[in-house]
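*Asks:* Here is what each chain is made of, one letter per residue.
There are 2 protein chains.
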Amino acid sequence: MINLTEVNIKKKSGSPISPKGFFACGLHIGLYESKKDFGILYSDTPASCAAVYTQSHFQAAPIHVTKKSIEQAKKIQAVVVNSAIANACTGEEGMENALEMRDLTAEALSIKSEQVAVASTGVIGQQLDMEKIRNGCKSIKLSNQDQAGEDFQEAILTTDLVTKTSCYEVEIDGEKVTLAGTAKGSGMIHPNMATMLSFISTDANIESNDLQSVLKEVVDQSFNQITVDGETSTNDMVLVMANGQAKNERLSPSHSQWTHFKETMKLVCQDLAKQIAKDGEGATKLVEVIVEEAFNHEEARILSKKIIGSNLVKTAIFGEDANWGRIVSTIGYSDIQVEPSKCKVYIGDTLVFKDGVGQNDFEQELTDYLKNKEVLIKVQLGLGNGYAQAWGCDLTYDYVKINASYRT
Amino acid sequence: MINLTEVNIKKKSGSPISPKGFFACGLHIGLYESKKDFGILYSDTPASCAAVYTQSHFQAAPIHVTKKSIEQAKKIQAVVVNSAIANACTGEEGMENALEMRDLTAEALSIKSEQVAVASTGVIGQQLDMEKIRNGCKSIKLSNQDQAGEDFQEAILTTDLVTKTSCYEVEIDGEKVTLAGTAKGSGMIHPNMATMLSFISTDANIESNDLQSVLKEVVDQSFNQITVDGETSTNDMVLVMANGQAKNERLSPSHSQWTHFKETMKLVCQDLAKQIAKDGEGATKLVEVIVEEAFNHEEARILSKKIIGSNLVKTAIFGEDANWGRIVSTIGYSDIQVEPSKCKVYIGDTLVFKDGVGQNDFEQELTDYLKNKEVLIKVQLGLGNGYAQAWGCDLTYDYVKINASYRT
Chain A
141 MINLTEVNIK KKSGSPISPK GFFACGLHIG LYESKKDFGI LYSDTPASCA
191 AVYTQSHFQA APIHVTKKSI EQAKKIQAVV VNSAIANACT GEEGMENALE
241 MRDLTAEALS IKSEQVAVAS TGVIGQQLDM EKIRNGCKSI KLSNQDQAGE
291 DFQEAILTTD LVTKTSCYEV EIDGEKVTLA GTAKGSGMIH PNMATMLSFI
341 STDANIESND LQSVLKEVVD QSFNQITVDG ETSTNDMVLV MANGQAKNER
391 LSPSHSQWTH FKETMKLVCQ DLAKQIAKDG EGATKLVEVI VEEAFNHEEA
441 RILSKKIIGS NLVKTAIFGE DANWGRIVST IGYSDIQVEP SKCKVYIGDT
491 LVFKDGVGQN DFEQELTDYL KNKEVLIKVQ LGLGNGYAQA WGCDLTYDYV
541 KINASYRT
Chain B
141 MINLTEVNIK KKSGSPISPK GFFACGLHIG LYESKKDFGI LYSDTPASCA
191 AVYTQSHFQA APIHVTKKSI EQAKKIQAVV VNSAIANACT GEEGMENALE
241 MRDLTAEALS IKSEQVAVAS TGVIGQQLDM EKIRNGCKSI KLSNQDQAGE
291 DFQEAILTTD LVTKTSCYEV EIDGEKVTLA GTAKGSGMIH PNMATMLSFI
341 STDANIESND LQSVLKEVVD QSFNQITVDG ETSTNDMVLV MANGQAKNER
391 LSPSHSQWTH FKETMKLVCQ DLAKQIAKDG EGATKLVEVI VEEAFNHEEA
441 RILSKKIIGS NLVKTAIFGE DANWGRIVST IGYSDIQVEP SKCKVYIGDT
491 LVFKDGVGQN DFEQELTDYL KNKEVLIKVQ LGLGNGYAQA WGCDLTYDYV
541 KINASYRT
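Order-wise, the sequence lines are chains A and B. Per the working numbering: the first sequence = residues 141 to 548. Per the working numbering: the second sequence = residues 141 to 548.
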């Protein structure tokens, strides 16, 4: 394990336009009443590109269009995003609209259609208001000033309360390489891509296929390890653009600093993933689950997600109740290998369960601990070296409120 | 398919003591502040017995004790139940307590220890207060009057708001055979047995192994098809006692009225399962999901459970919002075979989705429909003959309230 603090620097400020050659804008085109709802992220030179998508049977129109673009062009220069309407379950008309949105963006930016990726997020089953989209495309004004990055970050949000951003620098071949990203999440957050969009930019020099392998590996340890409500949406997408302007030698698995790049990408993605979990619909607390000593990594991943997704665990944390029985119950009904007598459960640093029974005398300690805004649950299964982390949030009155009246 | 209304009669009143030879009692022994919390169901002759249990890795002590009894005795005469404390994750001490509870009950009823089954439900990780249990066993007074059945039904409840009961009569070999049951549920209700206890009695003449095969088949179409919050508990159990006092010829798969008996058992179990779903923690509505035309029954079962378990579908129904996009999204991320273009979704009788797109002009119709206390969602996948029903409830503020403060 390399010591990452020696090789990279987390930037307090930063956005997807922090890497060299990236520009953005975020506009209000009227899909929402007042929030910005239309954005562009742009590289002034063609960028290697990698993406992972929702595994839903009902992939939305923009997903199909983006896949097509990336297959055709290999390198892209822009992504256009709208919020408020997901353009999912919208049939032929939806597909035509996504294509038109792509083509109008390309025209406005004087690039080829297939160099544009398209993303949408919002309500399923409604058609885009194309008059508004067309006006949006006519109004694109790109900038690399901080405000433009912030505007783009706002434009992609739906019920999110805050914008999400993460930016790291890492030195590769003596050159400063910047990786930065933004994301939107909130509800319907669950593995294998959730109602979640994330756009990551870097000025690293790397081919698309190597970028894809990094992204896939990193997503499994970040975005795919968060859950807000166990749902997966029709529109999820994580997209990375790498324009090579940092002028490092081309990164590939044989590059001596390959791991530095990969680990830095993981930091960006985990950082964004945690921000999504923390801003889950109605959430008051960020919950982290660590599973150690599972039979293998896959079983650790399954269990960590199961605990973080349990409504009973989530409500107990909202209630600041050290109800470890619910954690044990969730471990109990998982399909993975568990030997009750070997299993240990911690809340924070406090051992609450071992040898098949609850430990005593921790109530006051935990009552204090659970007042924190970030809560850690750790499970040691005593069976092997399997390890995984997962992130989620508590289940609150506001989650119900937001989701019982989303469309009204 | 036989017409069941011709062969059996649903009884408006009835309880597990309705079949011949059954007695019960329900007491308040002080585990809860005022609610009855200790109960006995008893047959005055040894009864064939079948049971299915939670599949949790952490099966509670009473589950182990009951399994042992049934293996040893084949026929049992009584089940003793307490609520408030689950006696789960309680180690050696918990096991000794469950055995003592069984032995004291046997002593009080002058039967053998292995003729007694034991069940507990409530908080995980606390030891039973054995002084109270011992006093309870000394105070057992069995009766076959209606009140005794009602007392037993109350004694098994935890956060349930109402007692559950179902009673059917069916004529077999010219004899009136009665099947009756009660159940408790509320939270942690999910397949493969959920925090759920159900006790079913019948005076049918049937061997234990045939009774077991009926129970297994029927549970998969009833109790295993309900979900309140996707959780499975450490203590779940469905137990059937059949004492043969109806004097029908012994039922077995070769008996000409075998199906009548099996279908009647299914009616009792589905009836109880629906009552559990309707009384889910904080629920205001019963939701039924029917999946038709799936590739096979198993895939229909998986999907129906997934829809009924979706937090986003559940909150939408609480909000009386015809947000069919969430149903489609849930179908979308299921692992079963789906062809978007063949899939149809109905809310009540209203077709809301077909050919990959939402149907229009149903908003007012559905706004009215969703005010009902019972809501039906039907999905037709257009792929085969797979069929399943599942039942659940909406997700409400009160669910959060109950579960954020369960122990306090």
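These are computed hints drawn from the structure, not numbers from a lab. Owing to the predicted nature of the structure, the values given are computational and were not obtained by experimental measurement. Quick reminder that beta carbons are idealized off the backbone N, C-alpha and C, glycines included. Treat the hints with caution; some may be incorrect.
List time: in silico DSBU-like cross-link candidates among lysine-lysine, alpha-carbon distance up to 35 Å [to be verified]:
(1) K151(B) - K402(B)
(2) K278(B) - K482(A)
(3) K151(B) - K482(A)
(4) K541(A) - K511(B)
(5) K518(A) - K207(B)
(6) K482(B) - K541(A)
(7) K208(B) - K494(A)
(8) K482(A) - K402(B)
(9) K278(B) - K160(B)
(10) K215(A) - K281(A)
(11) K356(A) - K482(B)
(12) K511(A) - K541(B)
(13) K208(A) - K208(B)
(14) K402(B) - K208(A)
(15) K215(B) - K356(B)
(16) K494(A) - K272(B)
(17) K207(B) - K484(A)
(18) K272(A) - K494(B)
The following label-pair restraints were derived from C-beta to C-beta distances [said to hold, decoys possible]:
(19) E347(A) - K494(B): 53 to 61 Å
(20) D538(B) - T507(A): 22 to 30 Å
(21) D286(B) - V263(A): 46 to 54 Å
(22) E271(A) - T507(B): 41 to 49 Å
(23) Q195(A) - K281(B): 54 to 62 Å
(24) N436(B) - Q195(A): 46 to 54 Å
(25) E233(B) - N512(A): 28 to 36 Å
(26) Q212(B) - K513(A): 52 to 60 Å
(27) L491(A) - F435(B): 44 to 52 Å
Just so you have them, the derived chain A footprint on chain B, three or more residues with Cβ under 8 Å [stated by the list, open to error]:
(28) 183–197
(29) 225–231
(30) 253–259
(31) 508–514
(32) 524–538
*Asks:* Are the hints correct? Go through all of them and say.
*Replies:* Against the structure, the hints:
Restraint check: the Cα-Cα separation between K151(B) and K402(B) comes to about 17 Å, which is no more than 35 Å; the hinted pair holds. For the hint linking K278(B) to K482(A), the alpha-carbon distance of about 38 Å lies beyond 35 Å, and the restraint is violated. Note on K151(B) and K482(A): the hinted pairing is violated, with a Cα-Cα distance of about 49 Å set against a maximum of 35 Å. Of the supplied pair hints, the one linking K541(A) and K511(B) holds, its CA atoms being roughly 17 Å apart against a limit of 35 Å.
For the suggested pair K518(A) and K207(B), the alpha carbons sit about 32 Å apart, so the restraint of at most 35 Å is met. In summary, the hint linking K482(B) to K541(A) is supported, as the alpha carbons are separated by about 34 Å, within the 35 Å threshold. This hinted pair checks out: K208(B) and K494(A) have alpha carbons roughly 25 Å apart, not beyond 35 Å. For the hint pairing K482(A) with K402(B), the CA-to-CA distance comes to about 42 Å; that exceeds 35 Å, so the pair is violated.
Of the supplied pair hints, the one linking K278(B) and K160(B) holds, its CA atoms being roughly 25 Å apart against a limit of 35 Å. Distance restraint check for K215(A) and K281(A): the Cα-Cα separation of roughly 22 Å lies within the 35 Å cut-off, and the hinted pair is therefore satisfied. Between K356(A) and K482(B), the direct Cα distance comes to roughly 31 Å. Compliance with the 35 Å bound is thereby established for this hinted pair. A hinted pair counts as satisfied when its Cα atoms are at most 35 Å apart, and K511(A) with K541(B) qualifies at roughly 17 Å.
The straight-line distance between the Cα atoms of K208(A) and K208(B) is roughly 61 Å, outside the 35 Å bound, and the hint therefore fails. As the CA atoms of K402(B) and K208(A) are separated by approximately 54 Å, the hinted pair breaks the 35 Å bound. With a C-alpha separation of about 18 Å, the suggested pairing of K215(B) with K356(B) holds against the 35 Å cut-off. The suggested pairing of K494(A) with K272(B) holds, with an alpha-carbon distance near 27 Å, which does not exceed 35 Å.
With a C-alpha separation of about 27 Å, the suggested pairing of K207(B) with K484(A) holds against the 35 Å cut-off. This hinted pair checks out: K272(A) and K494(B) have alpha carbons roughly 27 Å apart, not beyond 35 Å. Distance hint for E347(A) and K494(B): a CB-CB separation of about 43 Å, inconsistent with the stated range 53 to 61 Å. Checked against the hint of 22 to 30 Å, the pair D538(B) and T507(A) passes, with Cβ atoms roughly 24 Å apart.
Hint check: D286(B) to V263(A), Cβ distance near 53 Å, so the stated range 46 to 54 Å holds. For E271(A) paired with T507(B), a C-beta distance near 28 Å fails the hint of 41 to 49 Å. The given range of 54 to 62 Å is respected by Q195(A) and K281(B), whose C-beta atoms sit roughly 59 Å from each other. Between N436(B) and Q195(A) the beta carbon distance is about 21 Å. The supplied range of 46 to 54 Å is therefore violated.
Between E233(B) and N512(A), the C-beta spacing of about 33 Å keeps the proposed range 28 to 36 Å intact. The given range of 52 to 60 Å is respected by Q212(B) and K513(A), whose C-beta atoms sit roughly 53 Å from each other. Between L491(A) and F435(B) the CB atoms are about 46 Å apart, so this pair conforms to the stated range of 44 to 52 Å. With a threshold of 8 Å between beta carbons, the proposed coverage of the segment 183–197 of chain B by chain A holds, since 4 of its residues qualify and at least three are required.
For the segment 225–231 of chain B, the proposed coverage by chain A is satisfied: 5 residues have a C-beta within less than 8 Å of a C-beta in that chain, meeting the threshold of three. Check result for the segment 253–259 of chain B against chain A: violated, 0 residues qualifying (beta carbon to beta carbon below 8 Å, three or more required). Coverage of the segment 508–514 of chain B by chain A is violated [criterion: at least 3 residues with CB-CB distance below 8 Å; count 0]. With a threshold of 8 Å between beta carbons, the proposed coverage of the segment 524–538 of chain B by chain A holds, since 3 of its residues qualify and at least three are required.
Going through the hint list in order, the structure does not satisfy hints 2, 3, 8, 13, 14, 19, 22, 24, 30, 31.
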